[in-house]
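Residues per chain, in single letters:
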Amino acid sequence: MKNIRYLEDVSTLAFNKDKCVGCGLCTVVCPHQVFEMNDGKAVIVDLDGCMECGACVNNCPVNAIEVNPGVG
Amino acid sequence: MFQNYDAKKVQDYDAKKAKSNTARLKELNPGGIRSEGITILPSMNGVSQACISDSGSLNPITNGKYDSVEKYAKPGYVLSHFVDTFLDTDAGQIPVVKTEMLLKDILATVGARAGITRNNYRVIPGLYAAGKPDENSEVLVTANFKLTFDILRKNLEKLNVWILVLDTVGVNVWCAAGKGTFSTKELVRRIELSGLDKVVKHRRLILPQLSATGISAKDVKKMCGFSVIYGPVRAQDIQAFLENGRKADPYMRQVTFTFAERIILTPVELNIAMKYVVMTAVALLVISGIGPGIFSLKSAGERGWISIVFLLTGLLSGAVVTPALLPLLPFKEFAAKGIISGSLFALCALFISSASSLGMSAMIALFLFGTAISSFLAMNFTGSTPFTSPSGVEREMKQFIPVQAGAVVISLVLWIYSAF
Chain A
1 MKNIRYLEDV STLAFNKDKC VGCGLCTVVC PHQVFEMNDG KAVIVDLDGC
51 MECGACVNNC PVNAIEVNPG VG
Chain B
1001 MFQNYDAKKV QDYDAKKAKS NTARLKELNP GGIRSEGITI LPSMNGVSQA
1051 CISDSGSLNP ITNGKYDSVE KYAKPGYVLS HFVDTFLDTD AGQIPVVKTE
1101 MLLKDILATV GARAGITRNN YRVIPGLYAA GKPDENSEVL VTANFKLTFD
1151 ILRKNLEKLN VWILVLDTVG VNVWCAAGKG TFSTKELVRR IELSGLDKVV
1201 KHRRLILPQL SATGISAKDV KKMCGFSVIY GPVRAQDIQA FLENGRKADP
1251 YMRQVTFTFA ERIILTPVEL NIAMKYVVMT AVALLVISGI GPGIFSLKSA
1301 GERGWISIVF LLTGLLSGAV VTPALLPLLP FKEFAAKGII SGSLFALCAL
1351 FISSASSLGM SAMIALFLFG TAISSFLAMN FTGSTPFTSP SGVEREMKQF
1401 IPVQAGAVVI SLVLWIYSAF
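These protein sequences, in sequence, are chains A and B. So in our numbering, spot 72 of the first sequence is number 72, and the numbers just go up one at a time. Numbers given in our numbering equal positions in the second sequence, counted from 1, plus 1000.
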């Protein structure tokens, strides 16, 4: 997927690092490897890779992630 | 389940008969034998034995010649062709699926990919088995789109697993998860309906990674006690995933969008576009008839035909060529990619067709029209990719729909003007 990229600076993905408990589930479910684990917490490493599918939001146990795609 | 007094008698009779058949087969083999007027080759012995062990009896009339599933036939029901046999469990009889595709499956896949049978291509939701699973075997969860179900079962050849099929109204895993039918609620409901807790001792489910969009693992755990493990994106990696101790390698977690994966989507793109293409073609014939004599049938035919050629180049460029060449075309916006390929196609069509005899304004009209159609259809393809964000698509539409609409309007004005 690294050779096909979509628009930059459009994703509405927001992550609250303070809430993160480091379970790593967001790195598992994301189909585009937007998150990585670093020092026991998740970090966004590829915001423009995000397609706003909401998998991470649904599975985060502490609601540390938000994404608000309008109507699409 | 279906037993009554008579059936029991028949079964006992079958069992006796089977025993004597097996004994005779053993005596007379190997080397190919002749029994009751039917030549039995050594290779057939395996088949007969399989039938005996599967059904516990040989049908006295067919002599084990037919599939063992025959004994599950029930008036008013049709047995699914992909079911091999049934397993008795505490939750009732569970169908065991074949892991090989029959010609029937392959032809049906072609039909679904072409978009002909795609909208009602489903399997009945519930619990299935592959191989010989037991109470410790893994449970794989999937959608009831037959294409999805087929891809899963053909990758289970060497495995003994349970398959829990959710009711996603015949839609694939990722789309169903996005639309809310592959959901926490449906998963919990289907676990209850199927009696899964009576079939397996553990409380563990393996879900396709892409279903995560519709599933909350913690809610599933809370609601029914089953733990969700997200497996690989693709069914072809499921065996390696299980052998790995339920761990996915990084490549198993990545979505791809290769040339083959893009091109296989184009028949459906064409199929969906076709209705609008036909309507537009009719409109073009009518508009092309407008001229100095108010309306001319001859002109509608001649000029209409050329305009339809540019409609088709736009269709080909936007719905097939742009998806196929996606990473090679410049710009990130699909609409812009569609302009590039669409304008090249329209230019070629201008050179090849007789459009040059119609004059400059007609040529500009045709060029703009073909390019706009291509751009619009290319933009439409954003809905079929696994990487475009809704926010991005929204921005692209705001930018390019006015451009596409403007080009069509200018094209129409020039086209009618050029007739006078």
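Don't take each hint at face value.
[As the list claims (entries may be wrong)] Result set (DSS-like, lysine-lysine): computed pairs, CA atoms no more than 30 Å apart in a straight line: (1) A:Lys2 - B:Lys1222; (2) B:Lys1247 - B:Lys1218; (3) A:Lys19 - B:Lys1185; (4) B:Lys1247 - A:Lys41; (5) A:Lys19 - B:Lys1218; (6) B:Lys1146 - A:Lys17; (7) B:Lys1146 - B:Lys1218; (8) B:Lys1071 - B:Lys1146; (9) B:Lys1222 - A:Lys17; (10) B:Lys1132 - A:Lys19; (11) B:Lys1146 - B:Lys1132; (12) A:Lys2 - B:Lys1332; (13) B:Lys1071 - A:Lys17; (14) B:Lys1247 - A:Lys2; (15) B:Lys1179 - A:Lys19; (16) B:Lys1221 - A:Lys19.
Please keep in mind that the hints were generated in silico from the structure rather than gathered at the bench. Just so it is clear, the structure is predicted and the values come from calculations on it, not from any experiment.
Evaluated hints:
no.	hint	verdict
1	A:Lys2 - B:Lys1222	37 Å, violated
2	B:Lys1247 - B:Lys1218	19 Å, holds
3	A:Lys19 - B:Lys1185	26 Å, holds
4	B:Lys1247 - A:Lys41	20 Å, holds
5	A:Lys19 - B:Lys1218	17 Å, holds
6	B:Lys1146 - A:Lys17	41 Å, violated
7	B:Lys1146 - B:Lys1218	29 Å, holds
8	B:Lys1071 - B:Lys1146	25 Å, holds
9	B:Lys1222 - A:Lys17	25 Å, holds
10	B:Lys1132 - A:Lys19	45 Å, violated
11	B:Lys1146 - B:Lys1132	22 Å, holds
12	A:Lys2 - B:Lys1332	13 Å, holds
13	B:Lys1071 - A:Lys17	60 Å, violated
14	B:Lys1247 - A:Lys2	23 Å, holds
15	B:Lys1179 - A:Lys19	28 Å, holds
16	B:Lys1221 - A:Lys19	21 Å, holds
Of the numbered hints stated above, those contradicted by the structure are hints 1, 6, 10 and 13, listed in ascending order.
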